[in-house]
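> Quick note, the sequences are listed as chains A and B, same order. At position 119 of the first sequence (counting the first as 1) the number is 124 in this note's numbering, and the numbers step up by one without a gap. At position 138 of the second sequence (counting the first as 1) the number is 272 in this note's numbering, and the numbers step up by one without a gap.
Don't read these hints as lab results, they were simulated from the structure. Some hints could be false.
To be verified - A few chain B positions that, by computed beta-carbon distances, are all more than 12 Å from chain A:
(1) 182
(2) 192
(3) 248
(4) 261
(5) 262
(6) 424
Stated by the list, open to error - Quick list of in silico lysine-lysine cross-link-like pairs, DSSO-like style, CA-CA up to 27 Å:
(7) B:186 / A:24
(8) A:66 / B:264
(9) A:89 / A:21
(10) A:221 / B:421
(11) B:186 / A:61
(12) A:66 / A:24
(13) B:264 / A:164
(14) A:121 / A:164
(15) B:167 / A:88
(16) A:89 / B:264
(17) A:66 / B:421
(18) A:224 / B:183
(19) A:221 / A:66
(20) B:421 / B:264
(21) A:140 / A:124
(22) B:186 / A:224
(23) A:35 / B:243
(24) B:264 / A:61
(25) A:35 / A:21
(26) A:24 / B:183
(27) A:164 / A:66
(28) A:140 / A:88
(29) A:164 / A:89
(30) A:35 / A:88
(31) A:164 / A:24
(32) A:121 / A:35
As the list claims (entries may be wrong) - Quick partial rundown of chain B residues pointing at chain A, CB under 8 Å, derived from the structure:
(33) 178
(34) 179
(35) 456
Backbone N, C-alpha and C define an ideal beta-carbon position, used for all residues, glycine too.
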Amino acid sequence: MVEVENLNKIYTVGSKQEKVLDGITFHIQKGELVLLRGVSGSGKTTLLSILAGMEKPSSGKVLIDSEPISKLPDIHLSHFRAKKIGMVFQHFNLIENLTLLDNVLVPLVANRVGLKEAKEMALAALKNARIEHKKDAYPNRLSGGEKQRGAIARAIVAKPSLLLCDEPTANLDSKNSQSFIEQLMQMHKEGQTIVVATHDPIFETLECEHRIIDIKNGKIV
Amino acid sequence: MNSLFLNNQVIVYIFSETVLALLTLIIFVMALKFIRYWDFNSFSNFQLKLEKEANLVMTIATFLFTLKLLLLIYFVYTIDNLSLIVPGAMCGAGVISANDYGMTLLFVKIIVIFGLLLFLVVNHYDLLGKNYPLFRFKSWVIVTAALLIFGEFYLDISYFTNIDTSVPVSCCSALFGNLEGANPLPFGLDIKMLLVLFFTLYFGAVVALYLESRLLSTLLLALFGVIAYYSVVYFFGTYVYELPTHKCPFCMLQKEYNYIGYLIWGSLFFGLYFGFIWVIMSLRSYKLERIKLASILLLTLFVAINSFYVANYYLHNGVLLENIK
Ligand SMILES: Nc1ncnc2c1ncn2[C@@H]1O[C@H](COP(=O)(O)OP(=O)(O)O)[C@@H](O)[C@H]1O
Ligand SMILES: [Mg+2]
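Bound conformation, chain A alone (with noise of 0.2 Å):
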């Protein structure tokens, strides 16, 4: 399902380089729930963006679903993410003007889903994030934990194959966090291969099987 192999990713700055990746190598397999876990600064989010698509590798070989996505040209690229790959943000990073059902709609659009098809998966999708009754709000009148569970909403409703999420409990409380990680919990069981980017130690006591990858400086340990 994910593939990474030999991965390096160095960044310039002026006139100095540094390697933000260092040989990074590991497999995910259909189904998995993997915690990516190290301290700030430890090159997560970066791993992230490469498996994203967001982000080239300086070198290395990232598959997913067989597709070397760090090597598609654009137009395969923006098609691949809309269809595969979901993402849930530290920042939630929803459209301010738009309401959370349109905010969930987007990725359909770009998938070329017919209007009536995609309002059916909006909502489903809502429903199976449990915040469904504030579809019609405007993000900033929702708080932090309504807020996390409409991205988890628009990251969910094109079905991808890959479920990224980057310090997914780092704005929300206790109680928020835990509904957070329950929600986890019940897209695992469904199937879902997730990966979550976190140094939140509430994911410590996570209850069900999962694989925890560690990094630090940019190596995994």
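We have chain A already, so just place chain B with the ligands on it with the hints.
Structure of chain B with the ligands alone, referenced to chain A:
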């Protein structure tokens, strides 16, 4: 003497060509690098860097080649305008033949445009594939086109710096007229045979394209190109001008004739280009229906416009130019 080189339009033209030639030099070098090192199956730092560079280079090439297409039209327009300055020239024919470089330049341009168009098509289909299936081929197209562009640039400069405005040039009646009585047509043809060939080859080329015969298409398109050129200059053109003695490929570009020359030559050349591009792409197992159709339609348009001028003249005057004594 060389007041012509300082003509506004010539300055704009030469300046643009210089900038484009410099950009071409960059993509030429990059394309050579691609040909040497490209290995899509590698995930090395170097290959991933090449892929990023390829994105940039192909974008520049697309931009560049599109601009060059537009610049050709500007070139023809400039040449036509210069006939007001160059003594003795009544149209582009005189200006182009003001020195030995002119005709070669025009000929090279016609080939260059083919290269540019081929690149745009190949690049388009390469990017539609997931693994750059035509990458090496399109790099070769860039290299070849770039070499031609360098040659063209040399001819550009040589041509425009060698027009002496104090020496009168011949105009089209002297260049294309039948003054000495010698037959200007190729293969010893007369007008009647020329026209028979014109329509037969048109029909044959269209059928060959339609039936997707590569060899036959290539052959018939090439022959049709040659015959079409002579047919326009020595027959159809005279109906555009409504004057049996006016034999010229350039005057029809002027306002008096509604700029119809752009359409006539444009439909012919682009019809041929698309036909050849269809052949080349089908050798790479791409069956480009729309390119094939574009070729057939443009060639048909070309034949239709030419025939229209003859028919129109006949309907108005009840007589053909050849029969006016
Ligand atoms: N665009 C960039 N340019 C330069 N350095 C960057 C860039 N993005 C991230 N970095 C650096 O890469 C390192 C890892 O960052 P990141 O992947 O965001 O870590 P994490 O998500 O684990 O906190 C940090 O030192 C950061 O400063
Ligand atoms: Mg981060």
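> Taking the numbered hints from earlier one at a time, note which ones the structure violates and give those numbers from smallest to largest.
1, 2, 4, 5, 9, 10, 15, 17, 23, 25, 31, 32, 35
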